[in-house]
Amino acid sequence: MKTILHLDDEDAIRELVAAYLTLQGYRVLSAASRVEALKVIEREKPQLVICDLQLDESDGIRAIEQIKAVLRDVPVILFTGVIFDPSVAATATPKTVNSYVPKTGPLTNLLAEIKRLMPG
Amino acid sequence: MNDRFLRRVLAFFLVIFGVLAVIAAGALRYTSISASSADWVNHINATVHEIDGFVAAVQEADGEMRAFALSGDPRERAASREAFDRMTEHFEIGKALTRDDPGNNATMVALEAIGRKRADLAQEIWNAKDQNQPARIQSLLAADAASGELATFKRDAARLREDQFGRLATAEKIAYRNAQTLRMVVWGGLGANFVLLFSVAWLIRDGLNARRKLAEVLEAANARLEVQVKERTAELQAANESLTVQCLEAKWSNLSMEHQLRYANVIVNAVSDMVLVLTKAFHITRVNTAVINTTGLAETDLINKPLDQFLQIGTSPGGTSSFEIFVRSLRDGRDMRRLAGILVDKRQTRIPVWINLQPLRDRDRIVGAVVTVVRAETIQ
Chain A
3 MKTILHLDDE DAIRELVAAY LTLQGYRVLS AASRVEALKV IEREKPQLVI
53 CDLQLDESDG IRAIEQIKAV LRDVPVILFT GVIFDPSVAA TATPKTVNSY
103 VPKTGPLTNL LAEIKRLMPG
Chain B
102 MNDRFLRRVL AFFLVIFGVL AVIAAGALRY TSISASSADW VNHINATVHE
152 IDGFVAAVQE ADGEMRAFAL SGDPRERAAS REAFDRMTEH FEIGKALTRD
202 DPGNNATMVA LEAIGRKRAD LAQEIWNAKD QNQPARIQSL LAADAASGEL
252 ATFKRDAARL REDQFGRLAT AEKIAYRNAQ TLRMVVWGGL GANFVLLFSV
302 AWLIRDGLNA RRKLAEVLEA ANARLEVQVK ERTAELQAAN ESLTVQCLEA
352 KWSNLSMEHQ LRYANVIVNA VSDMVLVLTK AFHITRVNTA VINTTGLAET
402 DLINKPLDQF LQIGTSPGGT SSFEIFVRSL RDGRDMRRLA GILVDKRQTR
452 IPVWINLQPL RDRDRIVGAV VTVVRAETIQ
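Chain order of the listed sequences is A and B. Following the numbering used here, the numbering of the first sequence begins with 3 at its first residue and continues without gaps. Following the numbering used here, the numbering of the second sequence begins with 102 at its first residue and continues without gaps.
Treat each hint with caution, since some may be false.
Partner residues aside, some chain A positions facing chain B, computed with beta carbon under 10 Å [unchecked claim]:
{"id": "1", "residue": "E12"}
{"id": "2", "residue": "A14"}
{"id": "3", "residue": "I15"}
{"id": "4", "residue": "V19"}
{"id": "5", "residue": "Y22"}
{"id": "6", "residue": "Q26"}
{"id": "7", "residue": "R29"}
{"id": "8", "residue": "S32"}
{"id": "9", "residue": "Q56"}
{"id": "10", "residue": "P104"}
{"id": "11", "residue": "L109"}
Here are the simulated distance ranges between beta carbons [what the hints assert, rightly or not]:
{"id": "12", "chain 1": "B", "residue 1": "K314", "chain 2": "A", "residue 2": "P121", "range": "45 to 55 Å"}
{"id": "13", "chain 1": "A", "residue 1": "T93", "chain 2": "B", "residue 2": "Q449", "range": "50 to 60 Å"}
{"id": "14", "chain 1": "B", "residue 1": "E359", "chain 2": "A", "residue 2": "T93", "range": "25 to 35 Å"}
{"id": "15", "chain 1": "B", "residue 1": "P407", "chain 2": "A", "residue 2": "K41", "range": "50 to 60 Å"}
{"id": "16", "chain 1": "A", "residue 1": "K4", "chain 2": "B", "residue 2": "L309", "range": "55 to 65 Å"}
{"id": "17", "chain 1": "B", "residue 1": "V445", "chain 2": "A", "residue 2": "R64", "range": "46 to 56 Å"}
{"id": "18", "chain 1": "A", "residue 1": "K117", "chain 2": "B", "residue 2": "V445", "range": "57 to 67 Å"}
{"id": "19", "chain 1": "B", "residue 1": "I452", "chain 2": "A", "residue 2": "R29", "range": "40 to 50 Å"}
FYI, nobody ran anything at the bench for these hints, they're computed from the structure. Nothing here was measured: the structure is a model prediction, and the numbers come from that model. Ideal placement from N, C-alpha and C gives every residue a C-beta, glycine not left out.
The following block holds chain A by itself, in its conformation from the complex (with noise of 0.2 Å):
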């Protein structure tokens, strides 16, 4: 079973995504703030990692580049509502992310972009 960090400020979204992937067949790990987060690392390796770009004490973009420094080889999806444009998204986010989904849309488009990541 594959494993993925989910870091986002609002249990909401966390309790959310973490029962759908569940159901999809993913062990998901999740961490409220990027203290959190780089803790959940230290004894675990998840295969992938979904972090929200605005955090309660940080932003999405220090915790991905942190978590990044440990997990070199680990895909990132910048998951967030901030943006509304996803096609300034794509050109505007970080080589440390490898995809942008808003959160706008339905959370099979999550779903998609986890399997074209971590295929198999």
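Got chain A sorted already, so can you dock chain B onto it with the hints?
Then chain B, alone, in the frame of chain A:
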């Protein structure tokens, strides 16, 4: 099926026990008959023995009597007397044995009478010998020979004996027939029971086969049912998962919409310029925090109210009111920039402002307008 099968087996066993009972009853009956027949044969043999006994006794007594008549030897007279005594005993027993047979009993009595006459004759001869009267002895013996009484005695005794043997033969025939009948009953019954036992065994074998087949059919049906249940469970599980996914998607849709709305509100409220969203008829539908802070009015005092109640726009040099310009601009889908105006706050203070108008488009359709208002003194 079980009840019917058990009933049939039970019925067979009842028939088997019935046949055994008939065999036992028949055996008992024919054993009893055989015992009676043996008693009867013994009785006939005893009678024949007595007949032989008294005939032999009469002949011996008669011989000893004649020998005494010639020799006068007292031992021969004693022997004759003794023989007559034995004759009497045999007659007594013979009569007792033929008590239930009147014909033979009468013959036996007649023979006894002849025997007694012979004993009387012997007594007369003994007396004549004792008195030394040879002529009388000869006369008595001659008269006896002439009477043929001894021959009659022997003939009647022989007939009686033959009659007894005839009865014996009949009894033997009956005994043989009874034995044959008993044999037939026993062997026939045993044969019938063997057939019945074989039938029961066959019936039990058929019952067991039927039961085994039924068990196989039940097992197959159970297996089919189990497969169907598994398939149905899998279908239900898939449907449930699909439904759960749909439910999660619906929840996600609501959550996402709520999140976006909240975020949009945060952005609009963060803008320091006053922002008012209007209908095409210039009624206020939404305001940002800057409007509330500047006018001192509550949101409820502003929503659904006409814009010109709070915002007065100067008349253009051509005499057209600014609101008419707004209406035309909105109809044509054009922006309006830097129009001078007066904002009236809660305390009726007149605040000079610059006004911008931008038509609000939903795809290709104009659904309203966004008006941004900036205090005139803040403009550089």
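Quick rundown of the hints versus the structure:
This hint holds: A/E12 has a C-beta 8 Å from the nearest C-beta of chain B, less than the 10 Å allowed. With its C-beta approaching chain B no nearer than about 6 Å, A/A14 sits inside the 10 Å limit, and its interface hint holds. Evaluation of the A/I15 hint against chain B yields a held restraint, the C-beta minimum of about 6 Å falling below 10 Å. This hint holds: A/V19 has a C-beta 8 Å from the nearest C-beta of chain B, less than the 10 Å allowed.
Using the Cβ-Cβ criterion of 10 Å, the hint placing A/Y22 at the interface with chain B is satisfied: the shortest such distance is roughly 5 Å. Hint on A/Q26 holds. Least Cβ distance to chain B is approximately 8 Å, under the 10 Å limit. The interface hint given for A/R29 is broken, as the beta carbon of that residue sits about 17 Å from the closest beta carbon of chain B, more than 10 Å. Below 10 Å, beta-carbon pairs count as interface contacts, and A/S32 has none with chain B, the closest being about 15 Å; its hint is therefore violated.
For the restraint placing A/Q56 at the interface with chain B, the shortest Cβ-Cβ distance is roughly 9 Å, inside the 10 Å limit, so the hint holds. Interface hint status for A/P104: upheld, as the beta-carbon distance to the closest one in chain B is roughly 9 Å, under 10 Å. Among the interface hints, the one on A/L109 holds; its C-beta lies about 5 Å from the nearest C-beta in chain B, closer than the 10 Å criterion. Separated by about 54 Å at the C-beta atoms, B/K314 and A/P121 satisfy the suggested range of 45 to 55 Å.
At roughly 51 Å, the beta carbons of A/T93 and B/Q449 sit within the given window of 50 to 60 Å. Our hint of 25 to 35 Å for B/E359 and A/T93 holds, since their Cβ atoms are close to 28 Å apart. Checked against the hint of 50 to 60 Å, the pair B/P407 and A/K41 passes, with Cβ atoms roughly 57 Å apart. For the pair A/K4 and B/L309, the beta carbons lie near 57 Å from each other, so the given range of 55 to 65 Å is met.
For B/V445 and A/R64, the hinted distance range of 46 to 56 Å is satisfied, since their beta carbons lie about 47 Å from each other. Between A/K117 and B/V445 the Cβ separation comes to about 59 Å, which falls inside the hinted range of 57 to 67 Å. With their beta carbons about 60 Å apart, B/I452 and A/R29 fall outside the hinted range of 40 to 50 Å.
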